[in-house]
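**Student:** If you want the building blocks of each chain, they are given just below.
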Amino acid sequence: MSTATLSVKQAGPLALIQDGGRFGVGHLGVTQSGAADWISFYWANWLLGNALDSTALEIVLGGNLTLEASHDVCLALAGADLDARINDHPLAPNTCFTLKAGQRLVFRQPRAGLRAYLAFPGGLKAPEVLGSHACTAREQLGGLHEDGKPLQTGDQLVWLSQKPQATRQLPEALAPAMPGQHCTLPLVLGSQAAHFAGRSLYQAFNQPWKVDQRADRMGVRLTGQALNSRLGGIISEGIPLGAVQIPPDGQPIVLMNDRQTIGGYPRIGAITRSACARLSQCLPGTEVWLQPVSATQAQVDYRKQLAVWR
Amino acid sequence: MKPRLETAAMDALTVRLFDTIDEGNMAWIIPADTALRQAFGDALIDLIPSYTTLLVHYDCRQLGFAEATALARNALNDLQPADIQNGQLHEIPVWYDASVGPELAPVAKRAGISVEQLITRHCSHDYCVFALGFAPGYGFMGLVDEGLATPRLKTPRQRVAAGSVGIADRQTAIYPLLSPGGWNILGRTAVPLFEYAKRGEPLFRPGDKVRFKAISKAEFEAAGGDTTPLEERS
Numbered sequence: 001m002s003t004a005t006l007s008v009k010q011a012g013p014l015a016l017i018q019d020g021g022r023f024g025v026g027h028l029g030v031t032q033s034g035a036a037d038w039i040s041f042y043w044a045n046w047l048l049g050n051a052l053d054s055t056a057l058e059i060v061l062g063g064n065l066t067l068e069a070s071h072d073v074c075l076a077l078a079g080a081d082l083d084a085r086i087n088d089h090p091l092a093p094n095t096c097f098t099l100k101a102g103q104r105l106v107f108r109q110p111r112a113g114l115r116a117y118l119a120f121p122g123g124l125k126a127p128e129v130l131g132s133h134a135c136t137a138r139e140q141l142g143g144l145h146e147d148g149k150p151l152q153t154g155d156q157l158v159w160l161s162q163k164p165q166a167t168r169q170l171p172e173a174l175a176p177a178m179p180g181q182h183c184t185l186p187l188v189l190g191s192q193a194a195h196f197a198g199r200s201l202y203q204a205f206n207q208p209w210k211v212d213q214r215a216d217r218m219g220v221r222l223t224g225q226a227l228n229s230r231l232g233g234i235i236s237e238g239i240p241l242g243a244v245q246i247p248p249d250g251q252p253i254v255l256m257n258d259r260q261t262i263g264g265y266p267r268i269g270a271i272t273r274s275a276c277a278r279l280s281q282c283l284p285g286t287e288v289w290l291q292p293v294s295a296t297q298a299q300v301d302y303r304k305q306l307a308v309w310r
Numbered sequence: 001m002k003p004r005l006e007t008a009a010m011d012a013l014t015v016r017l018f019d020t021i022d023e024g025n026m027a028w029i030i031p032a033d034t035a036l037r038q039a040f041g042d043a044l045i046d047l048i049p050s051y052t053t054l055l056v057h058y059d060c061r062q063l064g065f066a067e068a069t070a071l072a073r074n075a076l077n078d079l080q081p082a083d084i085q086n087g088q089l090h091e092i093p094v095w096y097d098a099s100v101g102p103e104l105a106p107v108a109k110r111a112g113i114s115v116e117q118l119i120t121r122h123c124s125h126d127y128c129v130f131a132l133g134f135a136p137g138y139g140f141m142g143l144v145d146e147g148l149a150t151p152r153l154k155t156p157r158q159r160v161a162a163g164s165v166g167i168a169d170r171q172t173a174i175y176p177l178l179s180p181g182g183w184n185i186l187g188r189t190a191v192p193l194f195e196y197a198k199r200g201e202p203l204f205r206p207g208d209k210v211r212f213k214a215i216s217k218a219e220f221e222a223a224g225g226d227t228t229p230l231e232e233r234s
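Order-wise, the sequence lines are chains A and B. Take the first sequence: its position 274, counted from the start at 1, is 274 in the UniProt record's numbering, and no numbers get skipped. Take the second sequence: its position 132, counted from the start at 1, is 132 in the UniProt record's numbering, and no numbers get skipped.
With a straight-line cut-off of 20 angstroms between C-alpha atoms, the simulated SDA-like cross-links for lysine to any residue are:
#, chain 1, residue 1, chain 2, residue 2
1, A, LYS149, B, GLN158
2, A, LYS304, B, ALA43
3, A, LYS149, B, LEU178
4, A, LYS149, B, ARG159
5, B, LYS213, B, THR227
Simulated from the structure, these hints should not be mistaken for laboratory data.
Please put together the full structure from these sequences, using the hints given.
**Tutor:** Rendered as structure tokens:
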């Protein structure tokens with residue numbers, strides 16, 4: 001029997017092979033990468049009984065990405081509603097489904113959220129670079145061809161197990177909610193917050209910020225009333241996930257999975273891991289509110305989130 | 001030495017050792033890196049040293065905020081400076097030429113010297129590697145002769161070729177792979193920095209020294225160098 005594959009009949013604007021991320025190599029200048037909405041990504045894997053950080057596909061926007069099955073295969077979809085269709089029949093996210101031999105799965109356009117995660121039995125097969133399968137275009141690392149490129153027309157996707165470990169149902173109450181017009185992002189204040197004027201600190205948390213067009217896996221720009229730091233630039237230092245840096249124009253940039261490892265703009269703090277997942281699903285124009293939270297509380301919330309999958 | 005511990009994120013701390021850039025900082029940053037790695041063990045996710053700080057990203061499933069802070073504080077309690085003369089010295093051959101180093105002339109002019117003098121002076125210092133970052137294998141080095149210090153380009157280039165050697169203010173660096181960038185480019189090396197980084201074995205490590213050596217076009221080509229000119233403007 002030949003190997004079961006999904007072949008890419010048409011590549012959309014951006015579909016990336018991702019896993020939990022590339023860790024332990026930040027000191028080499030290598031970025032974290034990994035699924036941006038890790039919560040939806042975990043759900044996709046959970047639906048098939050995979051290890052939660054098994055390698056999957058992050059599909060951004062859709063844009064008529066078309067995948068065709070060579071054999072019957074059970075897959076799982078979670079995250080954004082990209083108006084997916086199987087041979088023209090609508091397929092809602094947050095479910096397991098069988099794609100039959102010869103059937104085509106198409107992702108059209110975002111109806112809610114930006115990023116959908118497609119999980120495969122046992123996880124996708126892809127070359128490992130620096131301990132991860134995550135794909136980072138800017139660093140030319142990872143991906144099917146080890147050049148960091150997103151999926152191309154003609155690519156063949158192969159997975160590790162013939163059958164999934166499980167085919168689970170996701171209770172509706174637990175399904176990852178996609179942000180609507182508004183979204184709240186908990187933020188842990190960093191020590192440099194002390195260098196922002198009191199008025200700027202007030203404004204950081206008491207105005208709606210608009211998600212800008214300039215948003216990608218590296219960073220998301222927010223626009224609103226400018227924040228002013230007394231520090232112009234700082235000596236470059238390591239940047240954590242979710243760091244909210246304030247360049248001289250006063251418009252925040254939230255640094256995401258593909259951020260540069262070190263940088264020299266002052267930071268007001270960092271949004272939490274769950275907030276990063278949520279922000280990665282926000283379309284340009286979405287209003288977001290920053291909300292202060294202590295590091296300890298953020299960790300309690302994070303552990304609570306992880307306990308859902310136990 | 002009194003390290004300051006600062007909150008960076010829900011699961012990350014910044015350890016601040018200094019407030020200014022100095023080659024002497026590395027004597028403290030390197031042992032701090034070792035001590036923090038040992039103390040955090042399995043609970044360490046990433047540790048990113050830079051000029052004056054170290055970012056500790058820990059696994060908050062294993063360690064709470066207070067525990068992580070205490071662990072870092074204890075690890076750095078009795079920090080002793082390392083002998084940074086132990087860092088490796090790397091000699092990097094560079095083809096300095098206007099075609100691959102469009103800022104040779106403007107930087108020389110700004111410094112009030114000839115291009116030849118600029119090359120000699122860029123090659124006459126053993127630069128300290130302060131930090132790796134920006135791109136895999138990219139090393140921030142310094143300090144460049146004060147007379148040669150040149151601010152970044154007003155408009156960064158969209159495409160700086162792999163191997164490009166540049167300066168910005170009093171720092172110098174090599175671009176490991178094709179990337180956007182705003183540094184003043186003086187020449188190009190054929191040393192495949194990205195390939196080393198991709199294997200997890202970067203050529204440079206913080207605390208190492210780098211000495212540039214001017215080579216001819218023929219030597220650059222023989223080493224496999226790409227002579228495609230760098231675009232003048234972005």
